[in-house]
Every structure is written in C-alpha cells, then in structure tokens.
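Student: Chains C and V, in that order, give the protein sequences. For the record, in the first sequence the residue sitting at position 79 is 79 according to the numbering used here, with numbers rising by one throughout. If you want the numbering used here, it's the position in the second sequence, counting the first as 1, plus 113.
Careful, some of the hints might be misleading.
As the list claims (entries may be wrong) - Derived coverage of chain V by chain C (criterion: at least 3 residues anywhere in the stretch with Cβ under 8 Å from a Cβ of chain C; other residues may be distant): (1) 154-165; (2) 199-205.
Claimed, not checked - If you want a taste of the chain V side facing chain C, the calculated C-beta under 10 Å gives, among others: (3) 119; (4) 126; (5) 212.
Since the hints were made in silico from the structure, they are not lab data. Note that CB positions come from ideal geometry on N, CA and C, so glycine has one too.
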Amino acid sequence: DGGITQSPKYLFRKEGQNVTLSCEQNLNHDAMYWYRQDPGQGLRLIYYSQIVNDFQKGDIAEGYSVSREKKESFPLTVTSAQKNPTAFYLCASSDRTGRTEAFFGQGTRLTVV
Amino acid sequence: RKEVEQDPGPFNVPEGATVAFNCTYSNSASQSFFWYRQDCRKEPKLLMSVYSSGNEDGRFTAQLNRASQYISLLIRDSKLSDSATYLCVVSNYQLIWGAGTKLIIKP
Numbered sequence: 001d002g003g004i005t006q007s008p009k010y011l012f013r014k015e016g017q018n019v020t021l022s023c024e025q026n027l028n029h030d031a032m033y034w035y036r037q038d039p040g041q042g043l044r045l046i047y048y049s050q051i052v053n054d055f056q057k058g059d060i061a062e063g064y065s066v067s068r069e070k071k072e073s074f075p076l077t078v079t080s081a082q083k084n085p086t087a088f089y090l091c092a093s094s095d096r097t098g099r100t101e102a103f104f105g106q107g108t109r110l111t112v113v
Numbered sequence: 114r115k116e117v118e119q120d121p122g123p124f125n126v127p128e129g130a131t132v133a134f135n136c137t138y139s140n141s142a143s144q145s146f147f148w149y150r151q152d153c154r155k156e157p158k159l160l161m162s163v164y165s166s167g168n169e170d171g172r173f174t175a176q177l178n179r180a181s182q183y184i185s186l187l188i189r190d191s192k193l194s195d196s197a198t199y200l201c202v203v204s205n206y207q208l209i210w211g212a213g214t215k216l217i218i219k220p
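Just chain C, same shape as in the assembly (with noise of 0.2 Å):
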C-alpha cells in the first residue's frame, strides 16, 4: 500500500540532545513537509522541500534541521537550540503542484523529560 510513515509514534528526549524524526514516503510525490502542532492550534509549517536536494525554511525553523537527499525521505532533526520542543510533529507529502491533497503522516509526539 501506498502511504506516508513516520516514526518512532513517542521519542522522548533529555534537554540538550539532538534528536532526529523519520518520515518515509512511497506515493512518488515530490513536495514533503514538516509541521508542527500544539495542543488546541493548528499546524506551523517548520520546514518543506519541492524536489530532492532542496528545501525551504518555513514559520518556525529556527531549531530544527532537515535533509532530502532521497525522494522518498524527509527526515527533521530537532536541535539542542529549539526551546520548546515538546510538540506533535507531522510529516506530509504531495505532488509539486500543490493541486492534489497532501498525505500525512501518523506523527511523532516528542516530550522533552
């Protein structure tokens, strides 16, 4: 089946320490993104990419990290720099036109301990 995983669902992760969210995606769409969510709001873009080797800064990077050295991959490092990085994270992927729906992800929830 064609679809979009995230993983791991829970990270915990002690202050101070990088850590790094997977997002995989099979459906051959170009575009991938990277939100994140707070309990009761909708979604901040962090990070998004058109095409492999490229991506763009969104709302909130500062903190955050990404590469897209494959098509199929779209993984974010939160850094040791991100103050409050406790978060529902959500990955998405789309075709580059934006004119078709995106497919997310089940998300990673990310506590700070």
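For this one, chain C is given, so just place chain V on it according to the hints.
Tutor: Below, chain V without anything else, positioned relative to chain C:
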C-alpha cells in the same frame, strides 16, 4: 491579516443539526482548495476537495466563492462521529492551512 482564516471555535451543536464552517483566504491566485478533518491526537485526513461549481458528498457540501475569496463546508444531519477539528487548506503551489475549527456534537 492571516493568509487563511477560519471561524474561531469551538462549535457546540446538537446531534441532527446543520452546521456551517467558513474559511477566507487572501491570495486571489489560489488554485486549489480542500477541507480536512483532524481527530484528537491524530493526523489530518482529507474530507473533500472544493471545486468551483461546488460539490457534495453525502451529508457534506463544499462551496467556493472566488469573488469573495472564501470556501464553506456544510454538514447536514450531524452525527456524534462528526466531532473533530475541521481545517481548510488553500493552495497556490504551496499549501496554506487554516488554524481549524473544533466541532463538538452533543447527544
């Protein structure tokens, strides 16, 4: 002004009622429009795309008004299972998300 704005919620409505959501957008060049549903602690899922002529899927009707730059979602005969947050999305090569409107259906 936000690029995409939705009605602030939550909407509390009795089961069986009709409920309407509105969403306004600022970019007149926007080309594609969608409504998503998000259940608590889950990922958003596509509810329906919105076409220029309007479209219907069972109890759900979506409409687009390009002149006034808004889209709407109507839910008829609401069910308890319709309780969720409804997100509108506007696209002009990039997806722009509204903040969502929470709907609570009461028995």
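Student: The structure should be examined with respect to each hint, and the outcome stated for every one.
Tutor: Checked hints:
Coverage of the segment 154-165 of chain V by chain C holds. Counting CB-CB distances below 8 Å, 7 residues qualify, and the rule asks for three or more. With 4 residues having a Cβ less than 8 Å from any Cβ of chain C, the segment 199-205 of chain V passes the three-residue criterion, so the hint holds. Because the closest C-beta pair between residue 119(V) and chain C is about 8 Å apart, less than 10 Å, the hint holds. Here the hint on residue 126(V) is broken, as its CB sits about 19 Å from the closest CB of chain C, past 10 Å.
For residue 212(V), the suggested interface contact is upheld, since its CB lies about 3 Å from the closest CB of chain C, less than 10 Å.
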